[in-house]
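J.: Next come the chains, spelled out residue by residue.
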Amino acid sequence: MIVQEISAKVRAGERLDAGDALVLYRSAPTGLLGRLADEVRARKHPGRVVTYIIDRNVNYTNVCVAQCNFCAFYRLVGSPEGYVLGFDELFEKIDETIAVGGVQVLLQGGHNPDLPLAWYEDLFRAVKARYPSFKLHALSPPEVIHLSRLSQLPVPQVLDRLIAAGLDSVPGGGAEILVDRVRRLLHCYGKASADEWLDVMRQAHRAGLRTTATMMYGTVETDEERLEHLLRLRALQDETGGFTAFITWSYQPDHTELAGSEATGVDYLRTLALSRIVLDNFDNLQASWVTQGGKVGQLSLAYGANDMGSVMIEENVVRAAGASYCMDEVEIVRNIEDAGFCAKRRNMHYDVLGDPVFRERDVPRMLELAVARDEGGTSLPQELLNYPARSRSGRRLRVIPN
Amino acid sequence: MPVTDAELAALVHSHDIIDIGIRADDARRRRHGARTTFVRVADVPSDLAADVRVPPAAREVRIVGTPPSKAAALERIRAVVSAAGGAAVTGFSLADLEQLAAREQVTLRALLEDMRAAGLELVAEAPIDRLQNPRRSIEQVNIAGLALARLTVHRLESADLAALFHEVTALQEWVAVIRAFAPLPRTINRSVPTTGFDDVKRIALARLLVTNIPSIQVDWSLYGPKLAQVALTVGADDLDAVSAVDDLSEGRRRAPLEEIQRNIRAAGLDPVERDGRFEPIAR
Chain F
1 MIVQEISAKV
11 RAGERLDAGD
21 ALVLYRSAPT
31 GLLGRLADEV
41 RARKHPGRVV
51 TYIIDRNVNY
61 TNVCVAQCNF
71 CAFYRLVGSP
81 EGYVLGFDEL
91 FEKIDETIAV
101 GGVQVLLQGG
111 HNPDLPLAWY
121 EDLFRAVKAR
131 YPSFKLHALS
141 PPEVIHLSRL
151 SQLPVPQVLD
161 RLIAAGLDSV
171 PGGGAEILVD
181 RVRRLLHCYG
191 KASADEWLDV
201 MRQAHRAGLR
211 TTATMMYGTV
221 ETDEERLEHL
231 LRLRALQDET
241 GGFTAFITWS
251 YQPDHTELAG
261 SEATGVDYLR
271 TLALSRIVLD
281 NFDNLQASWV
291 TQGGKVGQLS
301 LAYGANDMGS
311 VMIEENVVRA
321 AGASYCMDEV
331 EIVRNIEDAG
341 FCAKRRNMHY
351 DVLGDPVFRE
361 RDVPRMLELA
371 VARDEGGTSL
381 PQELLNYPAR
391 SRSGRRLRVI
401 PN
Chain L
1 MPVTDAELAA
11 LVHSHDIIDI
21 GIRADDARRR
31 RHGARTTFVR
41 VADVPSDLAA
51 DVRVPPAARE
61 VRIVGTPPSK
71 AAALERIRAV
81 VSAAGGAAVT
91 GFSLADLEQL
101 AAREQVTLRA
111 LLEDMRAAGL
121 ELVAEAPIDR
131 LQNPRRSIEQ
141 VNIAGLALAR
151 LTVHRLESAD
161 LAALFHEVTA
171 LQEWVAVIRA
181 FAPLPRTINR
191 SVPTTGFDDV
201 KRIALARLLV
211 TNIPSIQVDW
221 SLYGPKLAQV
231 ALTVGADDLD
241 AVSAVDDLSE
251 GRRRAPLEEI
261 QRNIRAAGLD
271 PVERDGRFEP
281 IAR
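Taken in order, these protein sequences are the chains called F and L. Start counting the first sequence at 1; every next residue gets the next number (this note's numbering). Start counting the second sequence at 1; every next residue gets the next number (this note's numbering).
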């Protein structure tokens, strides 16, 4: 089928199959892809509102046994650069987040064998006791699988315990490309196969949680595999309707074992536009300004995105791989309005919370993103002594000196 | 097809950058097809105390900064020419040279002729919003036997784009020697930078409105690969200031030449390396 005919299908609101989508992705001019994606966005969001959330990406530990070769953030068990955040450190970060109008933390971390399920439950309970209305958007599917393996409990039971402790929603990290050939090459098949990732999301949706979905492209996958990823997400969304949003970003190669080069800005805009067209059952697509920078991030709003993502406050993972863009609320709103949209704050469920906070009260400007810990800060939180460690180095660290 | 005044007003105030971009891309392809030129440039400070280092990959050696005196400028040009290995030597902002000529109490033409005699081939840039007398000064460049590498915009962040591009078009009608126009401002306000929409619209409108200058140019190092690459899809056809330092510390795939060619191809275009004299480099 030629591009014109496929374009007509998109304009008529018909669903594209893999063959149509591939032709469009490979052959449509970038302008046309953007035009089609923008038309789909406008049908779903006719009010020209673009949303964003004020939250903070907190990475509670960088210790990880997964060893994905595209990751520059992790440290091996026993590494002197490994860290685990203490509860008090996290509370401090939440205080800072609330001070600038934040409503949740996105809490993700490495697969640390020395943090048992009880540590997460206690952390979540402590957060909820202190900040009852503050939301925990936490633990991507591979982390849930890691906890399932560590605790020898099935995933639904792990999710139930986390929900009981305060988990509000699940972020879509760790999806990379949901094709096992790719996952094996990226050394991430072990942390979660494509089916396992999808099944955690299925279980989370069944348990009543809403989640997001992501795609990290630009490593070793083919165009067909990018599409397969999108189609698998679309199929699960047909089944559960539990995804609130989709976010795609390009692999960031700096300081990674995989190395190589980053996909280009045009590739990002084309991939975003294709995602908007293919994922016809997803309401919201976020712009990944944190990997693409503010300018291409803003241009995303013309290529299918209806959300500028998160003010973020803190970010550690893509920064470790070379991306270090920062936009505070003032800058995000300026970009949204400059593109001709109306900026509204939202929560994880995409309920509109109101107008920009900085227009209601003074908020300090934020010109660079915070980090999990200052460089070299690897002190062991006291409360860790209450939990058993599995690794030898973890056990050694938890011996209280006389 | 020329843009009417009514269309122009609509374009300038439109947020539909996809539509503007598609129109500009059509105009660019009618003129240049998929051909996209780029130039690898080695910057050399005008400060006499600084070393002159010219990487072998440089196709243009550009003297940057404000020369303190005519004598210092000429000495610097001679030193750079002797180190350039045949690459085109360009340098200076024409606005700075206007001021230097006034300070030295010589005519601009005399200053430019001396620079040419010292080995300068092209004046690196003429910032339209800083020149005291754009027509006359650019004519002096031509009369002195030099060429102008590019017409630039120094700041003009909130300028009336239509008025700016009409001024550029009128200037070219008069002087007829401008090869490239770089419409994105050279000086960026760090606290309120231009947005992606601003930049894309400015590039696209320049392509649509300034029809008598062959190349619409973007500075690769100033605006970065992502924005510069997107600019190629909305009217730009030439990339300036690609690094001539073939630093392979990140591996061959990330060397500047590979990066630029990969980005141009990923935009669906054909890369052609050129030199500082705007001549394609045969391979």
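Fair warning: there could be bad hints in the mix.
[Unchecked claim] Computed beta-carbon distance windows for the label pairs: (1) L/Val12 with F/Ala8: 29 to 35 Å; (2) F/Ala207 with L/Arg30: 53 to 59 Å; (3) F/Arg373 with L/Ala282: 39 to 45 Å.
FYI, nobody ran anything at the bench for these hints, they're computed from the structure. Don't be surprised by glycine CBs; every beta carbon is placed ideally from N, CA and C.
J.: Does each hint fit the structure? Answer for all of them.
T.: Now for the hints, and whether the structure bears them out:
For the pair L/Val12 and F/Ala8, the supplied restraint of 29 to 35 Å holds, since their beta-carbon distance comes to about 31 Å. Here the CB-CB span from F/Ala207 to L/Arg30 is close to 57 Å, well matched to the stated 53 to 59 Å. Between F/Arg373 and L/Ala282, the C-beta spacing of about 54 Å breaks the proposed range 39 to 45 Å.
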